[in-house]
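Build the full structure now, drawing on both the sequences and the hints.
If you read the sequences in order, they're chains A and B. The first sequence lines up with residues 1 to 432 when you count with the numbering used here. The second sequence lines up with residues 1 to 297 when you count with the numbering used here.
Hints were generated in silico from the structure; no laboratory data involved. Hints should not be assumed to be uniformly reliable.
[Unchecked claim] Restricting the straight-line Cα-Cα distance to at most 20 Å, the calculated cross-link-like pairs of lysine to any residue (SDA-like) are:
| # | chain 1 | residue 1 | chain 2 | residue 2 |
| --- | --- | --- | --- | --- |
| 1 | A | LYS248 | B | LEU143 |
| 2 | A | LYS431 | A | GLY221 |
| 3 | A | LYS248 | B | ILE122 |
| 4 | B | LYS48 | A | VAL388 |
| 5 | B | LYS254 | A | LYS248 |
| 6 | A | LYS398 | B | LEU143 |
[To be verified] With beta-carbon atoms standing in for the labels, derived distance ranges:
| # | chain 1 | residue 1 | chain 2 | residue 2 | range |
| --- | --- | --- | --- | --- | --- |
| 7 | A | GLY397 | B | PHE281 | 42 to 50 Å |
| 8 | B | THR56 | A | LYS362 | 58 to 66 Å |
| 9 | A | LYS235 | B | GLY70 | 57 to 65 Å |
We put the beta carbon where it would ideally sit given N, CA and C, even for glycine.
So you can see what is in the structure, the chains are spelled out below.
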Amino acid sequence: MTEIFAPRHIAAMVLALAAGFWLGAPRAHAEDVTLTVWSHEADEDAKVAFRELAARNLEKAHPGVHVKITWYEKNPLLAALKTALPAGQGPDVFYVEPDWTEYVEAGYLAPLDDLVDWSNIQDWARQVWVHNGKTYGLPQEAYTNELYYNKDLLKKLGFELPANAQFTQSQFLEIVKKAKAAGMTPIAQGVGDRPYPGAYIVGEALLRKLGKADYEKLFTGKLSFTDPRVVEVFKWTKELVDAGAYPKNFMTLKLGESHYYFYSKPLAVMLPMGSWYTGRAFVPVDKGGQPADFPLGIMQYPAMDGGACNQCKTSAIGASFGINAASKNKKIAAEFLNAMSTPEMGQKWIETIYLQTAVKAKVDNFTGPHAAYFTELMARQKGEDYFVGGPLDMVTGKCKDTFGQVMNAAFPGGLLSVDDTLKQMNAACFKG
Amino acid sequence: MDARRASLGTLALFLVPALLLYFGFIVYPVLRTFYNSVHTIGPQNVQKFVGLANFTELLTDDPVIWKAVGNTAIFTVIGTLVDVFGGLLLALCLFAGAPFARVLRLLWFTPVLMSYVVVGVIWVWIYDYDWGLANVILRAIGLGAYEQSWLGDPATALGSVMVTHIWKWLGFNMIIFLAALYALPTEVLGAAELDNCGWLAKLVYIVIPMLRPTIVNLLILSFIGKMMIFDLVWIMTAGGPLWSTETVSTYVYKRAFDWNTFDLGYPSAIAVLWFLIIMGFVTVITRLFRQREKLEF
Chain A
1 MTEIFAPRHI
11 AAMVLALAAG
21 FWLGAPRAHA
31 EDVTLTVWSH
41 EADEDAKVAF
51 RELAARNLEK
61 AHPGVHVKIT
71 WYEKNPLLAA
81 LKTALPAGQG
91 PDVFYVEPDW
101 TEYVEAGYLA
111 PLDDLVDWSN
121 IQDWARQVWV
131 HNGKTYGLPQ
141 EAYTNELYYN
151 KDLLKKLGFE
161 LPANAQFTQS
171 QFLEIVKKAK
181 AAGMTPIAQG
191 VGDRPYPGAY
201 IVGEALLRKL
211 GKADYEKLFT
221 GKLSFTDPRV
231 VEVFKWTKEL
241 VDAGAYPKNF
251 MTLKLGESHY
261 YFYSKPLAVM
271 LPMGSWYTGR
281 AFVPVDKGGQ
291 PADFPLGIMQ
301 YPAMDGGACN
311 QCKTSAIGAS
321 FGINAASKNK
331 KIAAEFLNAM
341 STPEMGQKWI
351 ETIYLQTAVK
361 AKVDNFTGPH
371 AAYFTELMAR
381 QKGEDYFVGG
391 PLDMVTGKCK
401 DTFGQVMNAA
411 FPGGLLSVDD
421 TLKQMNAACF
431 KG
Chain B
1 MDARRASLGT
11 LALFLVPALL
21 LYFGFIVYPV
31 LRTFYNSVHT
41 IGPQNVQKFV
51 GLANFTELLT
61 DDPVIWKAVG
71 NTAIFTVIGT
81 LVDVFGGLLL
91 ALCLFAGAPF
101 ARVLRLLWFT
111 PVLMSYVVVG
121 VIWVWIYDYD
131 WGLANVILRA
141 IGLGAYEQSW
151 LGDPATALGS
161 VMVTHIWKWL
171 GFNMIIFLAA
181 LYALPTEVLG
191 AAELDNCGWL
201 AKLVYIVIPM
211 LRPTIVNLLI
221 LSFIGKMMIF
231 DLVWIMTAGG
241 PLWSTETVST
251 YVYKRAFDWN
261 TFDLGYPSAI
271 AVLWFLIIMG
281 FVTVITRLFR
291 QREKLEF
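The following block contains the structure:
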């Protein structure tokens with residue numbers, strides 16, 4: 001028995017095991033490169049298929065290159081990146097969003113100016129990623145904040161969309177009241193898993209009331225939340241809340257569930273959402289998509305009385321990709337970004353995801369089962385004055401946390417008065 | 001020959017891998033957290049010594065941490081007591097030979113086997129205002145006036161999460177108590193019966209005193225677990241609404257990963273302070289009980 005535990009026997013066993021592992025390991029060719037990519041949006045089949053297609057295209061164009069995409073949901077991705085990057089263990093390419101500025105500041109993103117082919121990317125979209133004269137992210141997804149509605153329900157309530165598709169703030173309040181009186185849910189919205197959807201209505205109202213410059217000042221701490229125009233907007237929003245605009249399960253309803261609530265069960269008159277609505281709605285009904293005959297319409301957010309910019313609208317860049325500054329495969333990583341950004345892939349994005357893109361793609365010859373939807377979406381963009389970026393792109397730290405808890409949830413959830421809301425927002429965000 | 005008398009080299013060969021893992025994944029992270037707590041970690045891991053500045057800010061200029069401490073304290077005290085003594089009641093119920101004991105044991109223990117994610121998702125649905133079981137039952141029995149947005153109202157959110165947590169862990173405590181009850185010396189219980197000792201007297205003067213080490217161990221384990229509660233809260237409410245379910249652990253996570261910063265200094269300071277508080281409490285509880293019983297946990 002003791003013999004078995006003799007050091008020389010154990011050493012021999014360890015060596016034999018090590019040799020076995022070494023012999024059994026697949027031999028890599030010198031020219032082989034495995035490009036590692038970490039991406040969010042694991043639950044959006046169309047986006048998964050799009051990025052996997054780009055990966056396979058790159059592999060075909062570069063024999064010996066293998067692209068391994070690891071799919072995450074947003075919070076796990078953030079946690080993984082924030083631990084892996086400081087440890088020097090991050091992937092070559094990773095998903096980023098414009099408000100994740102800490103990755104730029106910390107130097108974890110490589111400047112892409114000389115790496116990526118920018119001729120296929122819209123310049124305004126590229127500008128979102130420019131910090132101190134350098135570009136750190138390749139924008140892929142563009143979107144606008146839209147107000148979707150059920151055409152049949154609106155008609156049933158006796159309202160007709162104005163020619164400019166924009167109701168006044170008092171008409172909008174009237175819609176909410178009538179819908180509630182008719183036993184309908186006026187606005188399907190929930191903040192169960194996101195820190196922003198509850199602030200769509202108040203945020204877009206603030207943009208229209210204040211205009212672009214002051215709106216930006218408000219969320220960058222240069223304008224007080226006690227500004228009379230801001231107070232007016234919050235008071236109007238409070239009227240909506242008190243009229244029962246939001247569902248009773250607003251605080252726990254998740255983003256995906258709010259889509260289903262709007263178009264399937266129990267139905268709602270309106271759904272404020274980014275134009276990436278399509279990612280969840282335009283999937284087969286048995287996968288939770290909207291019914292084929294659903295009477296979907298898009299209206300503008302309401303015009304505010306005395307609004308400085310009632311034609312203003314939030315446009316933003318969502319999904320983007322960056323290259324790890326520590327990556328040893330930057331050139332091939334840039335090739336992957338290019339492979340996702342050709343005009344053909346841009347067209348593919350629109351035709352399969354039904355969403356705007358930062359890639360220069362032709363939209364005039366758009367075809368597909370949802371062509372009518374996309375035509376209406378484009379019609380709602382005409383004559384609009386865009387503010388690029390949402391509140392979450394501008395706030396950080398305590399202000400960001402308070403925005404999520406107060407402006408996104410507690411205020412529209414009916415838990416706070418206007419005064420308390422403004423007081424808390426001001427304390428967290430206004431820099432005086 | 002006795003294998004335990006192996007040579008030093010052999011012992012080292014078997015111990016070193018485990019020790020390396022222990023130091024790599026337990027000791028180093030703990031020491032690193034202490035180190036981080038007195039530094040700010042800048043871009044590219046640039047560290048700046050700030051002394052006790054993180055602790056000063058934490059104690060003097062952060063209202064959310066006090067809310068988190070309060071919530072965690074409520075969760076810990078109430079949750080621990082209900083968990084342990086509820087588990088004891090269930091175990092006594094089964095030990096006394098309640099009808100359908102086998103089925104009940106299975107039913108009560110099943111939640112223990114479920115992950116926090118599954119439990120959290122199930123209970124978020126149960127608490128849903130419109131279609132959740134809790135409100136459906138209230139409406140069905142004519143108590144519709146009491147229907148609530150259970151997780152959406154600061155007044156009920158923390159209690160609702162606690163109910164879920166207790167539901168998950170009652171069965172665990174029940175099984176431990178049940179095992180302890182079956183291990184009690186039958187001659188003592190038999191002697192009590194011969195002396196015409198009633199069930200209440202038997203419980204108070206014989207059973208509970210003999211279960212004392214088990215009770216103490218479970219109290220401490222439950223206490224430590226609840227002081228560090230994270231998963232369930234994160235899944236069900238993420239600390240909302242209005243920080244009413246924020247716990248120290250969820251706040252540490254938010255400060256570390258949700259605040260657009262790579263600085264782990266401040267969240268490490270919270271973790272260190274909380275570690276010391278837990279250590280303090282555990283030491284006090286252990287000292288309170290150790291005169292009579294040796295604790296095993």
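Query - Proposed proximity, GLY221(A) with LYS431(A) (alpha carbon, max 20 Å) - result: Measuring from Cα to Cα gives roughly 5 Å; hence the hint holds.
Query raised in the report: Range hint 57 to 65 Å: satisfied by the CB atoms of LYS235(A) and GLY70(B)?
Result: violated (32 Å)
Report task. Compare the distance between the alpha carbons of LYS398(A) and LEU143(B) with 20 Å, and conclude whether the hinted pair is satisfied. Result -> Answer violated: LYS398(A) to LEU143(B) is near 40 Å, above 20 Å.
Requested in this report: Given the hint that LYS248(A) pairs with ILE122(B), test it: the Cα-Cα distance must not exceed 20 Å.
Outcome: Holds - the C-alpha atoms of ILE122(B) and LYS248(A) are around 19 Å apart, at most 20 Å.
Query raised in the report: So does GLY397(A) sit 42 to 50 Å from PHE281(B), Cβ to Cβ?
Result: About 31 Å separates the Cβ atoms of GLY397(A) and PHE281(B), which means 42 to 50 Å is violated.
**Report entry** Pair hint outcome, LYS48(B) versus VAL388(A) [Cα-Cα no greater than 20 Å]
**Finding:** violated (36 Å)
Requested in this report: Would you check the hint for LYS248(A) and LEU143(B), treating anything up to 20 Å between C-alpha atoms as holding?
Outcome: holds (17 Å)
Query raised in the report: How does the Cβ-Cβ distance of THR56(B) and LYS362(A) compare with 58 to 66 Å: does it lie in that range?
Result: The hint (58 to 66 Å, Cβ to Cβ) holds, given that THR56(B) and LYS362(A) are roughly 59 Å apart.
Report task. Sort out whether LYS248(A) lies within 20 Å of LYS254(B), counting only the CA atoms. Result -> With Cα atoms ~27 Å apart, LYS254(B) and LYS248(A) exceed 20 Å; violated.
Comparing the model with each earlier hint shows violations of hints 4, 5, 6, 7, 9; every other hint is respected.
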